[in-house]
Amino acid sequence: MSPVFALSGFMALLIAGFPVFLVLGIVSLVLFATEGRPLVAMPQLFIDHLKSDTLVSVPFFVIAATFMQRGGIAKALVDFAYGWIGGVRGGIALVCVLATMVFSAISGSSVATAMAMGALLVPAMQSTGYDNRFSLGVVASSGTLGILIPPSLAMILFAVVAGESVPQLFLAGVVPGLLQVAFFAIWIVYFSRRRGYVGGKPMSRTEFWAVNRRALPAMLLPVIILGGIYSGLVTVNEAAATAAFVSILVSLVFYKGCTLSEVPSILADSVKATAVIFFITIGALAFGHWITSEGLAKHMVDYVVENDLSAWHFLLVINAVMFLLGMFLETVAVILIVVPLVLPLLAPLGIDPVHFAVIIVINMEIALLTPPVGLNLFIMSSTTGAPVDDVARGVFPFILILVVLLALVTFIPQLSLFLPELIYGR
Amino acid sequence: MGTILNALSRFEALIMGCLAAVAILLAVYEVAARYLMPSMLTDWGGEVIVYLMICAVLLGGGSLVSSGQHVRADLFIRKAPKPLRRAAEISSLVAGLAYCGIIAWYGVDMVEFARMIDIRSDSSLQFPQWIFYSVLPIAFASMALRFALLLWRALFLGQAAYPADPLHGHPGQSAGVA
Amino acid sequence: AEEYIIDISLDTGPTHLRNVLVHEITDRIEEASDGRLKFNFFEGGSQYNDRDVTTALAQGAMDMAVPGHWNLARIVPNYNVLGLPMFYGLPREDQYKATDGETGAALARETENKLDVTVLGNWMDLGFGAMFFTETQVDAPEDIKGLKMRSPGGPIAVSRFGKFGATGVSIPFPDVPQALQKGTIDGMMTTFESVRSAKLWDSGLKHSYSDFHAFYQYVPLISAHAWNELPEDLQQIMRTTWNEGVTSARETAAKAQAEAADEAARHGMRNVAAKAEDLDALRGDLMADQPQLVKELRIDPAMVELARKDLAS
Ligand code: NA
Ligand code: NA
Chain A
118 MSPVFALSGF MALLIAGFPV FLVLGIVSLV LFATEGRPLV AMPQLFIDHL
168 KSDTLVSVPF FVIAATFMQR GGIAKALVDF AYGWIGGVRG GIALVCVLAT
218 MVFSAISGSS VATAMAMGAL LVPAMQSTGY DNRFSLGVVA SSGTLGILIP
268 PSLAMILFAV VAGESVPQLF LAGVVPGLLQ VAFFAIWIVY FSRRRGYVGG
318 KPMSRTEFWA VNRRALPAML LPVIILGGIY SGLVTVNEAA ATAAFVSILV
368 SLVFYKGCTL SEVPSILADS VKATAVIFFI TIGALAFGHW ITSEGLAKHM
418 VDYVVENDLS AWHFLLVINA VMFLLGMFLE TVAVILIVVP LVLPLLAPLG
468 IDPVHFAVII VINMEIALLT PPVGLNLFIM SSTTGAPVDD VARGVFPFIL
518 ILVVLLALVT FIPQLSLFLP ELIYGR
Chain B
5 MGTILNALSR FEALIMGCLA AVAILLAVYE VAARYLMPSM LTDWGGEVIV
55 YLMICAVLLG GGSLVSSGQH VRADLFIRKA PKPLRRAAEI SSLVAGLAYC
105 GIIAWYGVDM VEFARMIDIR SDSSLQFPQW IFYSVLPIAF ASMALRFALL
155 LWRALFLGQA AYPADPLHGH PGQSAGVA
Chain C
242 AEEYIIDISL DTGPTHLRNV LVHEITDRIE EASDGRLKFN FFEGGSQYND
292 RDVTTALAQG AMDMAVPGHW NLARIVPNYN VLGLPMFYGL PREDQYKATD
342 GETGAALARE TENKLDVTVL GNWMDLGFGA MFFTETQVDA PEDIKGLKMR
392 SPGGPIAVSR FGKFGATGVS IPFPDVPQAL QKGTIDGMMT TFESVRSAKL
442 WDSGLKHSYS DFHAFYQYVP LISAHAWNEL PEDLQQIMRT TWNEGVTSAR
492 ETAAKAQAEA ADEAARHGMR NVAAKAEDLD ALRGDLMADQ PQLVKELRID
542 PAMVELARKD LAS
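Here the protein sequences come in this chain order: A, B and C.
One rule links them: number in the numbering used here = place in the first sequence (from 1) + 117.
One rule links them: number in the numbering used here = place in the second sequence (from 1) + 4.
One rule links them: number in the numbering used here = place in the third sequence (from 1) + 241.
Hints are not guaranteed to be accurate.
[Said to hold, decoys possible] Restricting the straight-line Cα-Cα distance to at most 25 Å, the calculated cross-link-like pairs of lysine-lysine (PhoX-like) are:
hint: 1; chain 1: C; residue 1: K389; chain 2: C; residue 2: K279
hint: 2; chain 1: C; residue 1: K404; chain 2: C; residue 2: K389
hint: 3; chain 1: C; residue 1: K516; chain 2: A; residue 2: K415
hint: 4; chain 1: C; residue 1: K447; chain 2: A; residue 2: K168
hint: 5; chain 1: C; residue 1: K536; chain 2: C; residue 2: K516
hint: 6; chain 1: C; residue 1: K550; chain 2: C; residue 2: K338
Keep in mind the hints are simulated off the structure, nothing from the lab.
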């Protein structure tokens, strides 16, 4: 079947509001059938790809994030950050960025991160007299750090489709993640000064030590995950499973945010949330299978080589395309639709896949914030009851900041590749 | 009909929770064993963790259909004229039923094939793969069943094709979306 | 004349020894067929991993593949016979006695009957496996005691690691470099050629111990669906050209492995070849496990007997 026909059918079904897993699945199924491939090969392809050591870390990370959010770990981190910087001008907004940064070093999901922080911080900022939209914007956009600072579900999915190393991808997100934190903090301080925002009530010395002590078990989690992976003690999988185990234990025993009898149903909810991702993933893998088998990839590479396209042009175009797709589609879907298509082009253009992964992830952070479909906008709206419109206005300055970050990261590959090169000498 | 499906969803959730719990415990045991008692280390732990977790995750597909939680871009269609919207949603249910039915059908072929040629795993477990493979047709059949029910309700009981957008309803459910 | 296109899947990249060798042979076949036969390559696992490609061939979703014999064992357990202690440390001339002899023929018959595929001809070589280490200099088997090694899994590895007193850790291949650098593992089993193509000396491999623990060969398979479409003369051309090609490809592979070992040495690797008496002692030691392994691996005792005869010939 002609690729043009397939791709336009694909877009039509998406616009008609078909579930994404269904769109990818139907299109792949029709393509398989019209090529005369045996249809049994499609479920076979699904199960072959699902039997993967990399993919199985996704549910573990999701379980860890869910327990952190419901089990009181998020609260401990917020109190901790407040103890340190809550008192300065715009302090509560800065607390949000700091606590989110730490939370992101445990959670691989931006949506979970925004959800955990939103319920705690938006009311606090509003009661201190911060602008409503600004408060919503700070939390919604800080939450996006979840997929840039390791661990990151987005990076794991990229690794699965591209056959890259998860630990290297994780490392590549560190410097851009810290840059994002710095840029956000600068903007918050500037904005707070202009508006004359005050800081929060300073803590007493006893309180300060109490929140620090209380945050210790929570701070243990990033140490287990990142320390475990980069010291070589555990594999990514084992780190994810251990984090899930420890976050359940800490929630039950230390923060008492949930009871033992609630554990199975929270586990089931997390697993169900993973199912959303996996059904899209297998559809995308089948679709990618067709793209390579049809020689579509070869044609695209030939086109790039014949027209002497530069990496610079390509990255500019792909950023624009992803920005557009990200406005309308959920992030996992965008990653899984774009990656199989552009992967064959990276080597001929001399683009490091690890660098490209970071570019995609920052695009997806933006996608989480851009209307009309931005999950973090919806999350913030539903956790606080504010209209989506208000959240969208609130995140606008932060989208601009992320676009600047994207431009820097796109055209200075060293920002992403510095750490992986330093540690692994790639 | 509705109560039976609710019971099915609860049953699936129970199995999912248990499978995930065992997978976590097994993974932690493997790490501990490697450093504390290497002689107790299995060569099949990683494999079994994959079986448990993937089965748990796939079994989640069915209740995602019932509750309308499979991600979709319904933004345009919600702004479309009502008859058009309904036509699009009904056809997506039909497509869902057909697609999941076809995958379940050929999934059974896949299981039978794996059983016939007797594919085993590489570890000393030599685990027959058809047993693991079976979860795929089961999961897709369970999704097909839910699509059929949604279709029935939409066509004959005049209900909305898709349950309300979960993100505005119960946000706690979508924590796993990246 | 009609043109036939054969889709072929290899999960290794275009610069891997196997891909280079297969390309050489298929080029010869294309030439011999006067352009009637064309091969369409899917490399680097862009369509299938070797782990899964056999099922794809059997289902008719792929035309041709050249998977390692160890990949076939999960469907035809008798391939495990080649991993038994009786083959441990034998030179390649001896290994050929079995794989080109009665044992190989019996395995081919079983594969063809079970999977609806055709075994095109003789097996192509990758070469001998050796053990590689980061910090530990291994001069004799007892030096391996207590090390954490990347494990391919399975009863053969379990039995061998048990004898060495090493711990097996399973790690996906893309993560091997950092696992070596970070000490998650102290070493791995693979071939010099694989070490060279992944430049694993950059990831800290400094020592090798050639114990010839396995002789890796690839089995050429074509799906019945693709094979039966070919006219008889093309089938004949494919068979003869393949076998001619394999004869020279085996020499090329042996040379490439030797060159890879030299290159590793130039990058500072200290290569130790196992002493013959150590190998004999170890084989004798491992042989005690063989009856148990035969049972665990579901190998037909008749196949073991066939291999024993081949090796004795
Ligand atoms: Na993260
Ligand atoms: Na968006």
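Results of checking the hints against the structure:
The hinted pair formed by C:K389 and C:K279 fails the criterion: a straight-line CA distance of about 46 Å is larger than 25 Å. About 14 Å separates the Cα atoms of C:K404 and C:K389, which keeps this hinted pair within 25 Å; it holds. Proximity of C:K516 to A:K415 is assessed by CA-CA distance (about 50 Å); at most 25 Å being required, the pair is judged violated. The suggested pairing of C:K447 with A:K168 is violated, with an alpha-carbon distance near 33 Å, which exceeds 25 Å.
Proximity of C:K536 to C:K516 is assessed by CA-CA distance (about 30 Å); at most 25 Å being required, the pair is judged violated. For the hint linking C:K550 to C:K338, the alpha-carbon distance of about 9 Å falls within 25 Å, and the restraint holds.
In summary, the numbered hints that this structure violates are 1, 3, 4 and 5.
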